[in-house]
Amino acid sequence: DQQVKQNSPSLSVQEGRISILNCDYTNSMFDYFLWYKKYPAEGPTFLISISSIKDKNEDGRFTVFLNKSAKHLSLHIVPSQPGDSAVYFCAAINAGGTSYGKLTFGQGTILTVHP
Amino acid sequence: KAGVTQTPRYLIKTRGQQVTLSCSPISGHRSVSWYQQTPGQGLQFLFEYFSETQRNKGNFPGRFSGRQFSNSRSEMNVSTLELGDSALYLCASSFGTGSDTQYFGPGTRLTVL
Numbered sequence: 001d002q003q004v005k006q007n008s009p010s011l012s013v014q015e016g017r018i019s020i021l022n023c024d025y026t027n028s029m030f031d032y033f034l035w036y037k038k039y040p041a042e043g044p045t046f047l048i049s050i051s052s053i054k055d056k057n058e059d060g061r062f063t064v065f066l067n068k069s070a071k072h073l074s075l076h077i078v079p080s081q082p083g084d085s086a087v088y089f090c091a092a093i094n095a096g097g098t099s100y101g102k103l104t105f106g107q108g109t110i111l112t113v114h115p
Numbered sequence: 116k117a118g119v120t121q122t123p124r125y126l127i128k129t130r131g132q133q134v135t136l137s138c139s140p141i142s143g144h145r146s147v148s149w150y151q152q153t154p155g156q157g158l159q160f161l162f163e164y165f166s167e168t169q170r171n172k173g174n175f176p177g178r179f180s181g182r183q184f185s186n187s188r189s190e191m192n193v194s195t196l197e198l199g200d201s202a203l204y205l206c207a208s209s210f211g212t213g214s215d216t217q218y219f220g221p222g223t224r225l226t227v228l
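Protein sequence lines correspond, in order, to chains A and B. Okay, so the first sequence: first residue is 1 according to my numbering, each after it adds one. Okay, so the second sequence: first residue is 116 according to my numbering, each after it adds one.
Take the hints with a grain of salt, since some may be wrong.
To be verified - Chain B residues, not near chain A, derived (Cβ > 10 Å throughout):
(1) Phe-179
(2) Ser-185
(3) Leu-198
(4) Gly-222
(5) Arg-224
(6) Val-227
Unchecked claim - Distance condition first, Cα-Cα at most 27 Å in a straight line; then the derived DSS-like pairs of lysine-lysine:
(7) Lys-172(B) - Lys-38(A)
(8) Lys-37(A) - Lys-172(B)
(9) Lys-54(A) - Lys-71(A)
(10) Lys-68(A) - Lys-128(B)
(11) Lys-71(A) - Lys-128(B)
(12) Lys-172(B) - Lys-128(B)
Honestly, the hints are just simulated from the structure, not real lab data. Backbone N, C-alpha and C fix where the C-beta goes; we use that ideal spot for every residue, glycine too.
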């Protein structure tokens, strides 16, 4: 039962353009969402998060949008840089419940930014 | 501030053996969560500890266990290793409330032969 889905296994973008990574979830109890970036043989690095009481959060080049009715979130990276090339994971948690520490992850999207 | 550290970084074991992995959280963090990453199943939640108590557990067999010490350091143990236990084991620490960001360590790569 895949409660968090990233339907695009890979995305290729030109340097300077926008990268849009998508994520869908099915569990309506999820109320906090995070994006992580991961390089091979390293642990995930936190990028940005959003609470379900918001529909947008920005941090520098990274913006996350949340559409609760569609159970969909997206990560926008503008402008994209070659150093952004990595695997991006969407994660969700029921922060208000008893799912202590339990992040549910999507399968990841490999982003490649070409110079 | 130092990040999350995990030891060892790499481990090779044979079937039937047991293994203990260690995680030191960021200073001040009291929650430690453990995850298993495999190519087929992705990142899966194992369990979470807060103030030496297990508060949550994922869907893994009882061969997977853990504990947390008074200094918030945590260990996980896998007994009677199987080939399918080969994976990257990640720990993450946070302050411990639901919306706190979890920060991950570099992981321990376990290979079971």
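Status of each hint after checking the structure:
The Cβ of Phe-179(B) lies farther than 10 Å from every Cβ of chain A, with a closest approach of about 15 Å, so its non-interface assignment holds. No Cβ of chain A approaches the Cβ of Ser-185(B) within 10 Å, the least distance being about 18 Å, so the stated non-interface status holds. Residue-level check passed: Leu-198(B) sits 21 Å from the nearest beta carbon of chain A, beyond 10 Å. Not every Cβ of chain A is farther than 10 Å from the Cβ of Gly-222(B); the closest lies at roughly 5 Å, contradicting the non-interface assignment.
Interface exclusion of Arg-224(B) from chain A breaks down, the closest Cβ pair being 7 Å apart, not more than 10 Å. Against the 10 Å criterion, Val-227(B) stays outside the reach of chain A, whose nearest CB is about 18 Å from its own CB. At roughly 24 Å between alpha-carbon atoms, Lys-172(B) and Lys-38(A) fall within 27 Å of each other, so this suggested pair holds. Straight-line distance between C-alpha atoms of Lys-37(A) and Lys-172(B) comes to about 25 Å, which keeps the hinted pair within the 27 Å bound.
Between the alpha carbons of Lys-54(A) and Lys-71(A) the distance comes to roughly 13 Å, so the proposed pair stays at or under 27 Å and holds. Proximity of Lys-68(A) to Lys-128(B) is assessed by CA-CA distance (about 45 Å); at most 27 Å being required, the pair is judged violated. The hinted pair formed by Lys-71(A) and Lys-128(B) fails the criterion: a straight-line CA distance of about 42 Å is larger than 27 Å. Of the pairs offered as hints, the one joining Lys-172(B) and Lys-128(B) holds, with about 25 Å between alpha carbons and a cut-off of 27 Å not exceeded.
Violated hints, in rising order: 4, 5, 10 and 11; the structure is consistent with all others.
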